[in-house]
Amino acid sequence: MTPNPLALIAEVTHRCPLHCVYCSNPLQLAGTESELSTEQWTSVFQQSGKLGMLHAHFTGGEPLARQDLTELIAAARAAGLYTNLITSGIGLGEQRLAALVAAGLDHIQISFQDSREGPANWIAGAKAHAHKIELSRVIRRHKVAFTVNLVVHRQNLDHLEEMIAFIEQLNPDRVEIAHTQYYGWALANRAALMPTRAQIEAAVKIVAAAEKRLAGRVRIDSVVPDYYAKYPKACMGGWGRRLMLINPAGKVLPCHAAEVIPGMTFENVREKTLEWIWRESASFCRFRGEDWMPEPCRSCDRRAEDFGGCRCQAFLLAADATVTDPACSLAPTHGIVEAAVREANSDMGAAQARPATSFVQLQQETAELWDYRINPE
Amino acid sequence: MAAPLDSSQPRLAAGCRWGGSDVDRVILFPEGAIKLQGTGRQVLERCDGQRTFGEIITELQKQFGDADPDKIRADITMFLEQLQRKRIVDY
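Top line first, the protein sequences correspond to chains Z and D. First residue of the first sequence? That's 1 in the numbering used here, and the numbers climb one at a time after it. First residue of the second sequence? That's 1001 in the numbering used here, and the numbers climb one at a time after it.
These are calculated hints, taken from the structure and not from any lab test. Don't take every hint at face value.
Residues from chain Z that face chain D, not an exhaustive set, calculated with beta carbons under 10 Å [said to hold, decoys possible]: (1) L54; (2) Y82; (3) K143; (4) A145; (5) T147; (6) D221; (7) P225.
Heads up, incomplete: computed chain D residues facing chain Z, CB under 7 Å, no partners named [claimed, not checked]: (8) G1049; (9) A1067; (10) A1074; (11) R1087.
Glycine included, each C-beta is placed from N, C-alpha and C at the ideal position.
Using the sequences plus the hints, can you model the full thing?
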């Protein structure tokens, strides 16, 4: 029998005040009108608790864009779930934070784009940096776990040490150093974001030194980027093995990007129960286990460790969701990733952060470098 | 971080709490959960921010009367140090 899922990823809205160029949301965003109601989300949390899930990760878009977020957190907590809010912090002041904590918020995770204000706002396409610093101080006055998430890439890795020192003085319990993963907007902007091999090698050393120095004070979790790894990542801990993601419109997905795979139909919580979707739906069963695996995965010793890598990446890079993840050095299609790595290493330059007086001006000035994430209708 | 002192008052760190059912009790924390059984569960249930580390040790030494008290102390110290490094326990 299929084990129970461990965690729910609740993408409560795709609306967001930021325009981060590496956003993991799909290019096709769910519109405001299609969003689930408070009651529908409450039912989702109750079903998740009954299914044995332990964690609910609130993400978006920007979850704070939902006016009923406090109610949603309370509903998840009442269903027995550990609640984590992944946020830019825009729209959050002391009063709303206190209400969220009183409603049962266990953990808050703020993303920073950089340690330097100009570049941070340039990546986010919004003036958000100063508010995040102020908010971090407010968070430490409340009884809630605090994680700082730092997305790293070609444009900021050269001052990783400075960024870690910056985060340290925000006094979080935990830091996530996340190399950009190339889905959604980040894939569209990959050429501007992908680091060089020298940047990766330096980063590994800097992170290891920081882990040692901060042991017992700040926990550091970091993820090595798969384009530079020998073997692929165990994406989501395996398809339909641990996680369920519900998008703003109620569609239930095995991961953030699954909708890109053609020919798949994903169920909606408006029509089916979570338990049925987890256990019986064709979409969750499609790449669960090993029956679907091609060679070289099928006979590989690592197949129970990385599950053949990421199905979405296989489709996005090799146009076939059923082949070994091209990030794997053993994959027949690995040349695609090697070519991207070669390209990233052929030109050493990082771009210059550009100030602008408006988002439209910023879009125009950076049009050749990248596309900013835009809001859904 | 050093080992807890006898006067330390171990407690769950911010954002760490009990969850699961009575049968399957777990400690929930950011991005994870640990299932606790037996001695580990008995130690952590006493980490309430009130009892001192010394009191916790004494209680458990009494409870496990036949085991070597020094070994009980060493095991509990190591257990709490590990959880402190994971930012699950403060003392």
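The hints, checked one at a time:
| no. | hint | in the structure |
| --- | --- | --- |
| 1 | L54 | holds (5 Å) |
| 2 | Y82 | holds (4 Å) |
| 3 | K143 | holds (6 Å) |
| 4 | A145 | holds (2 Å) |
| 5 | T147 | holds (6 Å) |
| 6 | D221 | holds (7 Å) |
| 7 | P225 | violated (19 Å) |
| 8 | G1049 | violated (12 Å) |
| 9 | A1067 | violated (28 Å) |
| 10 | A1074 | violated (19 Å) |
| 11 | R1087 | holds (5 Å) |
Figure legend: structure checked against the earlier numbered hints; hints not met, in rising order: 7, 8, 9 and 10.
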